[in-house]
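There are 2 protein chains.
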Amino acid sequence: MAARSKTKEKILRTTLALLNNEGEVNITSVDIAAVMDISPGNLYYHYKGKDIIIAELFADFEDELRQVLAAPVNKPMALEDNWIYLYIIFEEINDFRFFFLNLTAILDRIPALGPKFARLLSLLQQAFERLLSGLETSGHLSFRIDEKSILSERLTAHFIYWLPYAKLRGLKGNSKIIIHEGVYAALTQITPHWGNQSEPYAALLKDFLDEQIG
Amino acid sequence: MAARSKTKEKILRTTLALLNNEGEVNITSVDIAAVMDISPGNLYYHYKGKDIIIAELFADFEDELRQVLAAPVNKPMALEDNWIYLYIIFEEINDFRFFFLNLTAILDRIPALGPKFARLLSLLQQAFERLLSGLETSGHLSFRIDEKSILSERLTAHFIYWLPYAKLRGLKGNSKIIIHEGVYAALTQITPHWGNQSEPYAALLKDFLDEQIG
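Quick note, the sequences are listed as chains Z and V, same order. In case it helps, my numbering puts the first sequence at residues 1417 to 1630. In case it helps, my numbering puts the second sequence at residues 1417 to 1630.
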């Protein structure tokens, strides 16, 4: 990616914060210019409209998520790092939450993002499948036919829709608590696949979760 | 609900078909009037804008879904009817799919629907919890602590987001196939909770699913 001017970088950071905190539908490019304390014309000189900024923010998200997802490929994870891995993915999504909170409308409005988003979903699904395969190989999980690919698909959907679902359900608390609940809900999809030899692992997991929420 | 004029009923059916088939964002009240072959002014006489029509369509959806969800309370289900029940719920959602395909934006735009939708989510969650409890009592399922309520919550999210997810993932096929895949994905969330005595049940389930898709 080409280096950005300081102003462009500041516009991106400002817009991301505004979209995340105020809701994507409520923010216009005029609002962005006002918060940046520049004229709409000056903003337009850097970015030709809000959707161009969103497309560039999506590119940032894609870069960061690819790096996160690639980490365990470069270096195998310790067992307890599996759960931390899920946290980090959720935190990444939360950092760009405006996107997930209004996904359909944004993808309808900016068609160029559609194929990119579809690619990212595939990457996410493959990452979950790798994680589950690792735990299967080590004997911590066991799957009937089809269950592993279906579970990794379902985890993908869970990660994509957790934030809007939590909003719909009126879950209370700060981001950290919402993410924690999301990871917990993800884990409860995995734990039914434990073999008997994995039961002691529940204690380790519980400690980890208690610590996160504490 | 007050009786509707024939014209109102026709406006509602026409709008529902348009929103479902063309996408909610692409349809204006002018389009609805054009397809109805009436003037925008005449349409406005009956409904004061697209969002008023959407709110009334939501009321219809709520009525129908409440009836569907209440069925097994009035009369206990036979074992195989559990899966048919899931199909019927999905079909109901599919009949009003425009709503689920653009949920966040519609709820942002029509705030009065928010609490109604939240109530409906609770009903759905309770219906799933009843279904799981029934199968637990009959010994077909077994749950560790918390797992039953978490699973029913997760099934709720699955039903709400399956159609937009299938669209994002580019799943091919007609509505029947998409619903079938959605039910199958729901079942794979339930089957890990089977006890050993439930294994023969897999064959019955497979037959049912093959029949649906065939």
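Since the hints were derived computationally from the structure, they do not count as laboratory data. Heads up, some of the hints might be wrong.
Same chains, same names: a pair is fine if it fits in one copy or spans any two.
[As the list claims (entries may be wrong)] Derived DSSO-like pairs (lysine-lysine); straight-line CA-CA distance at most 27 Å: (1) Lys1464 / Lys1426; (2) Lys1466 / Lys1588; (3) Lys1592 / Lys1464; (4) Lys1564 / Lys1588; (5) Lys1426 / Lys1532; (6) Lys1564 / Lys1424; (7) Lys1588 / Lys1464; (8) Lys1532 / Lys1588; (9) Lys1426 / Lys1564; (10) Lys1532 / Lys1466; (11) Lys1592 / Lys1426; (12) Lys1583 / Lys1422.
Now the hints, each set against the structure:
1. Lys1464 / Lys1426: Cα proximity of Lys1464 and Lys1426: one copy only (16 Å, versus 43 Å across).
2. Lys1466 / Lys1588: neither (30 Å within a copy, 32 Å between copies)
3. Lys1592 / Lys1464: neither (34 Å within a copy, 42 Å between copies)
4. Lys1564 / Lys1588: between (32 Å within a copy, 21 Å between copies)
5. Lys1426 / Lys1532: within (24 Å within a copy, 40 Å between copies)
6. Lys1564 / Lys1424: Intra 43 Å, inter 49 Å, cutoff 27 Å: neither.
7. Lys1588 / Lys1464: Cα proximity of Lys1588 and Lys1464: none, with 37 Å in one copy and 35 Å across.
8. Lys1532 / Lys1588: between (32 Å within a copy, 18 Å between copies)
9. Lys1426 / Lys1564: Intra 43 Å, inter 47 Å, cutoff 27 Å: neither.
10. Lys1532 / Lys1466: within (19 Å within a copy, 32 Å between copies)
11. Lys1592 / Lys1426: Cα proximity of Lys1592 and Lys1426: one copy only (25 Å, versus 48 Å across).
12. Lys1583 / Lys1422: neither (34 Å within a copy, 38 Å between copies)
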